[in-house]
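Undergrad: In case you want the letters, here they are:
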Amino acid sequence: TQLLEQSPQFLSIQEGENLTVYCNSSSVFSSLQWYRQEPGEGPVLLVTVVTGGEVKKLKRLTFQFGDARKDSSLHITAAQPGDTGLYLCAGVMNRDDKIIFGKGTRLHILP
Amino acid sequence: ETGVTQSPTHLIKTRGQQVTLRCSSQSGHNTVSWYQQALGQGPQFIFQYYREEENGRGNFPPRFSGLQFPNYSSELNVNALELDDSALYLCASSLMRQTYNSPLHFGNGTRLTVT
Chain H
31 TQLLEQSPQF
41 LSIQEGENLT
51 VYCNSSSVFS
61 SLQWYRQEPG
71 EGPVLLVTVV
81 TGGEVKKLKR
91 LTFQFGDARK
101 DSSLHITAAQ
111 PGDTGLYLCA
121 GVMNRDDKII
131 FGKGTRLHIL
141 P
Chain E
36 ETGVTQSPTH
46 LIKTRGQQVT
56 LRCSSQSGHN
66 TVSWYQQALG
76 QGPQFIFQYY
86 REEENGRGNF
96 PPRFSGLQFP
106 NYSSELNVNA
116 LELDDSALYL
126 CASSLMRQTY
136 NSPLHFGNGT
146 RLTVT
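Residue numbers (our numbering), protein chains in the order written: chain H, 31 to 141; chain E, 36 to 150.
Worth flagging that the hints you see were computed from the coordinates, not collected in a lab. Note that the structure is predicted; figures quoted are calculated from it, not measured. Cβ atoms here follow ideal geometry from the backbone N, Cα and C, with glycine treated the same way. Among the hints, a few may not be true.
Said to hold, decoys possible - Label pairs and their in silico Cβ distance ranges:
(1) H:E45 / E:P97: 46 to 54 Å
(2) H:N124 / E:N94: 42 to 50 Å
(3) H:H105 / E:K48: 37 to 45 Å
Hey, can you work out the whole structure from these sequences and the hints?
TA: Structure, rendered in structure tokens:
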């Protein structure tokens, strides 16, 4: 069973539209990280959220950590072709600080 | 600041063979984690090394083993390769044991194909 479930798995939308992707778990995490991965490259950290209910903004990207620290969302406003990529959420386990990844959401923004 | 580098970038092996993958961590980082990423999947945690000792392991068999050297570089060894071992192997370094204030810095991975 997957500890972190990401949805949707795939998303293809037009440039300028808004979108939200989700990361859900039944486990509580000490923090949660979002990474973006492009073909042929390793994942690159976008943001870390630590406190339940925390909201962080990175230009057009808004990240939220659930109140219970079990889930998170990523909202992109006015998507651009440069946002295309694989978005991975990763939970930092309370008990041993290991970082566990979801399967990712593959996002494609059409020009 | 030198980033994480992995070698080789691509590798083709035959079932039953052994392989060694290498990783140089980012300067100043003392923790290295290895992940396996199958096509269309997220990275799966293999193990982590902190100051030359294994500091945790995911759900991988003993034929997956590793080393960390005094300069914090690392190797991943896989024995008796199976077809399902075909994947992108990612190395990530961090400054300390994995905590929320020490994110992972990934290399670009080694693409292993087992035929």
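Undergrad: Are the hints correct? Go through all of them and say.
TA: Cross-check of the supplied hints:
Between E45 of chain H and P97 of chain E the beta carbons are some 49 Å apart, a value that agrees with the proposed interval 46 to 54 Å. For N124 of chain H and N94 of chain E, the Cβ-Cβ distance of about 19 Å falls outside the hinted range of 42 to 50 Å, so the restraint is violated. With their beta carbons about 42 Å apart, H105 of chain H and K48 of chain E fall inside the hinted range of 37 to 45 Å.
Going down the numbered hints, you'll see the structure goes against just number 2.
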